[in-house]
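Number of protein chains: 2
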Amino acid sequence: MKYRISANVIKRLPRYIRQLDVLSAAGVEKISSSELGRQMGFTASQIRQDLNCFGGFGQQGYGYNVKQLREGIAGALGMEKNLNAIIIGAGNFGHALITNFKFEECGAHLLCAFDISPDKVGIKVAGTEVRHVDTLVSFLEENHVDVVVLTLPQSEADSTAELLVRCGVKGIWNFTGVDLDIADESVVVENVHLSDSLLTMGYYLRNGEGKD
Amino acid sequence: MKYRISANVIKRLPRYIRQLDVLSAAGVEKISSSELGRQMGFTASQIRQDLNCFGGFGQQGYGYNVKQLREGIAGALGMEKNLNAIIIGAGNFGHALITNFKFEECGAHLLCAFDISPDKVGIKVAGTEVRHVDTLVSFLEENHVDVVVLTLPQSEADSTAELLVRCGVKGIWNFTGVDLDIADESVVVENVHLSDSLLTMGYYLRNGEGKD
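Chains A and B, in that order, are what the protein sequence lines are. Mapping of the first sequence onto numbering that gives the first Met the number 0: position 50 corresponds to residue 49, and the numbering continues sequentially without gaps. Mapping of the second sequence onto numbering that gives the first Met the number 0: position 123 corresponds to residue 122, and the numbering continues sequentially without gaps.
FYI, nobody ran anything at the bench for these hints, they're computed from the structure. Some hints could be false.
Where chains are identical, the list cannot tell them apart; a pair therefore holds if satisfied intra-copy or between any two copies.
[As the list claims (entries may be wrong)] Think about it this way: if two alpha-carbon atoms lie no more than 30 Å apart in a straight line, the pair counts; the simulated DSSO-like pairs of lysine-lysine are:
#1 K123 with K101
#2 K80 with K66
#3 K66 with K101
#4 K123 with K169
#5 K169 with K29
#6 K80 with K123
#7 K10 with K66
#8 K169 with K80
#9 K10 with K101
#10 K119 with K10
#11 K169 with K10
#12 K29 with K66
#13 K119 with K101
#14 K169 with K119
#15 K29 with K101
One chain only, chain A, in its complex shape (with noise of 0.2 Å):
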């Protein structure tokens, strides 16, 4: 089955999965839209909206099951089918991702990792292999990779993305604030923007507004 749905509701989708987890770890079976909704600020038929959009999973006047509805939300965003993952810097920041993000929980396999640095190349981070960046290329002819991570300088970030572009890759996870402009509507960019909430939470704490 193939949908068309709005970006709004698959952004959504990631934060139905950590509550249901919460709620599962809780021992909760299941759960009406009203209570769902209660707890992550949306409305009843904000809920049902959303959840419909996936042919529904809940029956009127039972509510949802929680392991079921885990399951069709893990299923319309595609957890079960792995993706292959490299990172490309690992710096810091490459480095803390390497290490404590749990790629495989989001249905993520990291391959390997590549930088330029000396005192990187050859070691081995949390289990996961730096090689050098010089190898990208030929790395990614011979393996399958979905999803390129980039944690390296704002001054590579276009020049980079230009090459995966080029060698096929479909998926850019871009941390480098740099926001990547891509021509190619195949391809998927998440730009991260880690200063944007800072700034949203700058103007709530100035203005000593609560949030809506």
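With the hints as your guide, set chain B onto chain A.
Frame of chain A; chain B shown alone:
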């Protein structure tokens, strides 16, 4: 002047700042709402609506003065009022933020970091002192801290957040992966979930769909 602006508009403001910085760096002095919209993927009317929340900054038939608009939005975000920040957790991720994140560009000043590990306490990371977490409460009593960056293990997240709220902290930038549920509505919490953006990206990659 005080405005009551929707959370969605506030969330978009940092994107305007970034795009206007790109334009300034390229020597662009004025821009129409339709061209700015094209570059940012918004309609001209969306742009005008967003910026009207702050009184406009634009003149009919002339467009926006890039520098003035940037100043206006920065003012709306309150970026000129410096926020004092500390980091709790100087492990890989905290270390990466201390080293790489441009706090000053977000109108924040990083005072120091806290950790519990003997090989971190007492050292300086990129000029930032790491203190023992035992000294946290007295530090908060003696210094005005607006934002606490939480980069400590998940198991410590809830208890630390409770302590911070009791000490009067009003801003928590939370990288622990645990959704902090804080009853006090005067506290602003930004829960950063990097996994959400990877999961969202995975959806598009697996379904071979472009994003809207």
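Worksheet item: What are the numbers of the hints the structure violates, in ascending order?
Response: 5 and 10
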